[in-house]
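Chains as they are written, first to last, in UniProt numbering: chain A, 1 to 362; chain B, 1 to 237.
Just so you know, the hints here were simulated from the structure itself, not pulled from any lab data. Don't take each hint at face value.
Pair ranges (Cβ atoms, derived) [claimed, not checked]:
hint: 1; chain 1: B; residue 1: Ala180; chain 2: A; residue 2: Ile126; range: 49 to 59 angstroms
hint: 2; chain 1: B; residue 1: Ala180; chain 2: A; residue 2: Thr13; range: 18 to 28 angstroms
hint: 3; chain 1: A; residue 1: Gly197; chain 2: B; residue 2: Ile84; range: 43 to 53 angstroms
hint: 4; chain 1: A; residue 1: Met309; chain 2: B; residue 2: Ile84; range: 48 to 58 angstroms
Which bits of chain A does chain B cover? Going by a derived footprint, with three or more residues having C-beta under 8 angstroms, they are [what the hints assert, rightly or not]:
hint: 5; segment: 201-214
hint: 6; segment: 224-238
Examples of chain B residues lying across from chain A (beta carbon under 7 angstroms, computed) [what the hints assert, rightly or not]:
hint: 7; residue: Gln86
hint: 8; residue: Leu91
hint: 9; residue: Ile126
Cβ atoms here follow ideal geometry from the backbone N, Cα and C, with glycine treated the same way.
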Amino acid sequence: MAHSSPYASLTRTRASRVAGLVALGLAVLLLVLPAFASRGLIQDLFFILTMLTLAQFWNLLAGYGGLVSIGQQAFVGIGAYALFGTVILAGIDPVPALLLSGLAALLLAIPTAYFAFRLQGAYFAISTWVIAEVVRLSVAQWKSVGGGTGTSLPRSATGSMWFTQAIETLFDVRSAAARDILAYWLAVLLAVATIGGLYWLLRTRRGLALAAVRDTMDAARSVGVDAGRMKWLVFLVSAFGTGLTGGLIYLQKARISPDAAFSVTDWTAYVIFIVVIGGIGTIEGPIIGIIVFYALQTLLADYGSWYLMVLGLIGIAVMLFAPRGLWGLFSDRTGIELFPVRRRLTGGLLSHPHHPESKDHG
Amino acid sequence: MLALDTVSKSFGALTVADGVTFAVPRGQALGIIGPNGAGKSTLFNLITGNLAPDAGRIELMGRDVTRMPAMRRCLAGIGRSFQIPQPFSRLTVFENLMVAASFGRDMSEAAVVDSCAGILERTGLIAKANTVSGSLSLLDRKRLELARALATDPQLLLLDEIAGGLTEGECRSLVETISAIHAGGVTIIWIEHVLHALNSVVERLLVLNFGRVIAIGAPGEIMASREVQEIYLGIDI
Chain A
1 MAHSSPYASL TRTRASRVAG LVALGLAVLL LVLPAFASRG LIQDLFFILT
51 MLTLAQFWNL LAGYGGLVSI GQQAFVGIGA YALFGTVILA GIDPVPALLL
101 SGLAALLLAI PTAYFAFRLQ GAYFAISTWV IAEVVRLSVA QWKSVGGGTG
151 TSLPRSATGS MWFTQAIETL FDVRSAAARD ILAYWLAVLL AVATIGGLYW
201 LLRTRRGLAL AAVRDTMDAA RSVGVDAGRM KWLVFLVSAF GTGLTGGLIY
251 LQKARISPDA AFSVTDWTAY VIFIVVIGGI GTIEGPIIGI IVFYALQTLL
301 ADYGSWYLMV LGLIGIAVML FAPRGLWGLF SDRTGIELFP VRRRLTGGLL
351 SHPHHPESKD HG
Chain B
1 MLALDTVSKS FGALTVADGV TFAVPRGQAL GIIGPNGAGK STLFNLITGN
51 LAPDAGRIEL MGRDVTRMPA MRRCLAGIGR SFQIPQPFSR LTVFENLMVA
101 ASFGRDMSEA AVVDSCAGIL ERTGLIAKAN TVSGSLSLLD RKRLELARAL
151 ATDPQLLLLD EIAGGLTEGE CRSLVETISA IHAGGVTIIW IEHVLHALNS
201 VVERLLVLNF GRVIAIGAPG EIMASREVQE IYLGIDI
């Protein structure tokens with residue numbers, strides 16, 4: 001046999017290089033958009049970006065960590081309430097207080113994981129929901145942030161928020177519009193950081209370990225993977241990110257109540273829908289999912305409860321006929337991956353042309 | 001290499017390991033036989049740390065590992081295959097080995113690419129390196145079990161019915177691979193019902209029944225013993 005090239009492990013593809021450039025361009029476009037876009041568009045994009053971020057964190061939990069949580073609203077709610085609590089009671093500026101949203105969710109995640117990790121599968125899922133309900137009921141007792149009826153961010157806090165003065169003069173807008181632009185920019189940064197961070201994580205060897213733990217925990221342990229530590233890692237990271245996003249969502253809304261902030265429909269059911277129809281266990285999936293979700297919501301906005309029934313039916317249809325979601329369907333046919341994490345062995349004996357090297361994508 | 005001292009384990013009223021005591025010197029290949037339900041796979045789970053014993057002591061290279069978790073025992077030099085293959089089904093064959101090599105030896109991914117490729121060549125899986133492991137045939141799944149265990153660079157290799165369900169030819173090629181690994185100095189403990197495959201590799205046989213060690217010794221003596229023949233009567237040899 002002729003001298004063969006050395007073996008190598010590759011992840012990048014041509015599509016991923018193009019995708020990287022397009023993503024960079026898109027991020028820049030999103031950042032400069034407030035210069036010409038209407039306030040309505042900025043608000044819609046804020047909704048899309050924050051839901052996308054929530055979906056990516058749920059995807060990390062369920063799609064990569066195998067931890068199907070239906071209690072993520074606990075972290076959205078606690079993050080939002082941490083923001084309102086510190087702004088109203090301690091008088092901290094809402095922008096730096098966002099960090100406390102993430103930290104509060106992280107703190108809540110520790111006892112939640114401690115109890116929920118004792119359970120598997122459906123029992124784990126139910127336990128996260130139960131814990132979220134307990135937190136909702138406890139927060140409803142917190143009188144200084146409005147108890148069960150909720151409260152608003154004081155005008156004194158929102159009016160003088162960091163950066164809003166500069167945005168008002170930069171774009172020549174009123175303070176309410178400036179707040180929307182600020183929240184939108186933070187949402188862009190959060191979404192970009194989340195997708196970038198997730199992609200980075202999956203390409204480190206921790207990404208491989210995560211996939212191994214998800215597929216079979218016993219075997220993962222037997223090859224030296226600390227399965228317990230991987231589960232803690234994804235649960236805590238997801239909680240922190242979800243809490244941060246929750247804080248940001250309610251910073252933009254400026255009004256909160258326990259029922260809204262701890263809503264299982266808004267912060268978990270919709271998020272699961274987005275991930276599942278787009279394609280669980282891929283970074284592309286939630287991006288496709290949020291576009292479909294937003295389109296459906298806009299189309300069906302006037303049909304009340306029919307909207308939810310249609311969402312449910314579409315969700316069921318996708319699970320039955322395309323279990324890997326719309327992106328999975330597309331990726332299986334075309335072999336295209338925008339955020340490839342597959343390690344492909346090349347070179348050596350595989351550099352021979354008769355070896356079927358390009359077969360078998362995920 | 002490995003020493004078990006009166007190791008016991010029960011699930012409720014069912015005793016699956018009953019005062020198991022034996023030792024395997026470095027470089028030896030030991031075969032374990034016994035009827036279904038004798039506690040063979042349980043014994044492996046106790047050795048690898050996937051199960052914790054109720055009583056007794058397990059030593060690996062002179063170190064007490066009785067309470068050591070499975071992932072640490074892998075780092076300490078134990079590699080295993082599972083009776084029912086447990087591939088990381090959504091990863092490719094190559095990625096399965098990369099997980100094992102990178103974490104089992106605590107090295108960076110880049111540092112283990114060549115050794116993973118070498119193991120794939122030796123175990124006949126190189127052409128399937130980039131195939132998703134969930135779609136493999138039974139033979140290839142068994143090969144992957146072996147390859148993944150090897151990727152952790154074990155000093156003690158535990159094989160659980162790796163020849164079961166294979167055709168004569170497939171079995172022969174697997175035995176050749178295992179013999180070569182053994183010749184390379186790896187200590188092996190092998191549970192197997194396919195006795196001719198087992199006896200062509202191992203130097204000693206251990207017979208397990210109802211969680212107890214019935215006999216241990218040279219394969220010829222063991223197979224000739226009346227007690228062993230009684231236990232195996234009616235069982236496919």
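Which hints from the list above does the structure break, by number from lowest to highest?
2, 3 and 4
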